[in-house]
Amino acid sequence: MPAIVRIVDLVKNYYMGTQTVHVLKGLNLTFEEGDFVALMGPSGSGKSTLLNVLGCLDRPTSGSYFLGDVDVAQMSDDQLSEVRSTYLGFIFQSYNLLPQYTVVENVELPLLYQGIKLDEKTKARCVALAEMVGLAERLDHRPLQLSGGQQQRVAIARSLVNDPHLILGDEPTGNLDTKTSVEIMQMLRELNRSGKTIIMVTHENDIAEWARRVVRLRDGRVESDTRNDTRMVMEMGR
Amino acid sequence: MNAYLQLSPTNPALIGLVVLLVCGLGAWLVVTGRILTGGGAAKVRRSVSLAVKSLWLHKLRSFLSVLGIIIGTSAVISLMAFGEGSMQDALADIKRQGATNIIVRSVKPPDDSATANRSFVTSYGLNAKDLSRFSTFGDAISRMVPIRVQPTEARYLERMSNARVIATVPGYAEVNQLEMSRGRFLVEADDHEIKNVCVLGSEIADKLFPTEDPMDNSVILRSMRFTVVGVVKERMPTGGSGGSQAAEEYNRDIYIPFRTSLARFGEIIFTRSSGSRSAEKVNISQVTLTVDAEVDSPTGRLKVQAVGDEIKRMLDKDHYKRDTAVTVPLDRLEEAERAQNRFTNLLVLIASISLVVGGIGIMNIMLATVTERTREIGIRRALGAKRRDITMQFLVEAVVQTTVGGLCGVLLGLGMVFTVPVVWKLIAGSALPAKVHVPSIFLSLFVSIGVGVLFGWYPAQRAARLDPIEALRHD
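As given, the protein sequences belong to chains F and E, one line each in that order.
Position 17 (the first sequence) corresponds to 17 in the working numbering; numbering is contiguous.
Just add 1000 to the spot in the second sequence (first one is 1) and you have the working numbering.
Since the hints were derived computationally from the structure, they do not count as laboratory data.
Check before you lean on any hint, since a few could be wrong.
Pair ranges (Cβ atoms, derived) [said to hold, decoys possible]: (1) Gln-114/F to Leu-1411/E: 35 to 41 Å; (2) Arg-125/F to Arg-1045/E: 17 to 23 Å; (3) Gly-1026/E to Gln-186/F: 29 to 35 Å; (4) Lys-117/F to Gly-1026/E: 56 to 62 Å; (5) Gln-186/F to Leu-1407/E: 49 to 55 Å.
We put the CB at the ideal spot given by N, CA and C, even for glycine.
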């Protein structure tokens, strides 16, 4: 499998007044295309910071971040926006839907910034995605009329609308009960099986078990990097 | 020239407006340029509908924040209209007195009584030579009306009344807008044939002929008989203004042909008043020259001024005693226009302040909105929005607000222009002239759009500069 994400000596420091906080202390990681990765670690381990860097929302202090073949580490703000818009999809813990928009409009949102023409075709695509995540009956509902699980499904549909190379999840089940979490994880695994690369942050072991690979961070360094037993992953699907 | 803003570099209203205009225009160009390079008309429509949508979420707040713009725009438009209305009213008054006229009068030199010349007869003023000199202007002067004023007793049978005998030419009726109630005014033939005819003012006609018909009867002036050929309609006396134009009371005047006066009464005018008597040798009391020019065109005005200056120069050269005075009513007209312009500019300046205040209101609300919608900004940024997209979003919201506000203000202002005079008339009983000043509509609309860009810029920039991660974490 070709590498879709390769980070080399990734360092991220935060400057708080005169103090420098070393969050990521020289990470080297490679994620392959079609993989399903769970980033774990205690709070303060740097997993969220890593996800922000991977999501092009933040720039590393030093080191390289190759997304595909391109080093995006030192790109300008506008270029990073472009990368997010074209190659990345986001799923957040708190769903982050816009309350004034309907389900379909929320799904459509990333297309707004792609500079493409919004017409019946793109609309049909958004409707299809919403139907795919099981919201065919609720196309014109607003987020506040939906349950948490339904909102997260809207977010998943939204993350797919630009056909991204990489989907990033920031504790996608963090606000959901166990049953709904399983539903969401099943959906993510389906996506992964259809070829999408997914990287998600979680601190729950049973959620991490859905992933193929688990990377544990501690104090800004990789603590362990394990592959889940394929057999076990298959069993969970059953 | 009826331009509203006076084009002088020291005019504060003008400077303010120009600065606002230039800023607004510049920012507007930048914005439209960005919109157009960023995807054309569809994108404009999309961002406008987006803006309308989020403004609609907070209808009352949007309305309140735009209220300042509405008031400012309507104030500009209505103040301009009332200013323009009253100005045109006042100017029409002056124009009625003949704005292209130049009035040359004979005045008694101030030091004359002290001179060693121990004559009873003081001699001064315009004479026939001056008249012929005036005619060297040729076509520039379309009409020349000399008058010669002599206070005289007028008699008919046993009735007698003090009158002012004015010897003049037919053009006088036109210059002074006299209207006849009976008969005719003097004609050319009266002058040429030195006829003893006269035209009576309404009051003098009533006094001398309370019961009889004055027409074709004879009035005795200085023991000479003058046949009445007409009676002038009663006319409101004109007010004198600042000593430059004497008040004239037309109703006690008797008009006789100019040459008749010279031939019958001679050059010396005797006046007798309450025991004292004086004799003055005055050929011509006053000459009204009408310059052939259009009062509403700048070249016409220049021409009037030029002729006036030339006449002054001509008279200065010849009349060393300074016994003439030249009045150019146009000066008064321009003075009035200037005063009116100053006044209107001041009003507009005050109204513009409310536009600026409205802009600050918008900025205030926008800043609050940006804080409130921080998370939305974060979401949009995460989903691929560039800083520019966020700037645009908020800028368009501000501009949509001020544009809609400006339009409402224009409508409100026009409504005021059309309703206030009616109400005013009902309440105060007097007319309140108003005339819509069309450029002010576009100007205020344009300025309110500019205010939106100007005051929306900073909040929009602030929104765009938010760190996406921070913004996403914001509650």
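Taking the hints in turn, this is what the structure says about them:
| no. | hint | in the structure |
| --- | --- | --- |
| 1 | Gln-114/F to Leu-1411/E: 35 to 41 Å | holds, 39 Å |
| 2 | Arg-125/F to Arg-1045/E: 17 to 23 Å | holds, 21 Å |
| 3 | Gly-1026/E to Gln-186/F: 29 to 35 Å | violated, 56 Å |
| 4 | Lys-117/F to Gly-1026/E: 56 to 62 Å | violated, 30 Å |
| 5 | Gln-186/F to Leu-1407/E: 49 to 55 Å | holds, 54 Å |
Checked against the numbered hints above, the structure violates hints 3 and 4; every other hint is satisfied.
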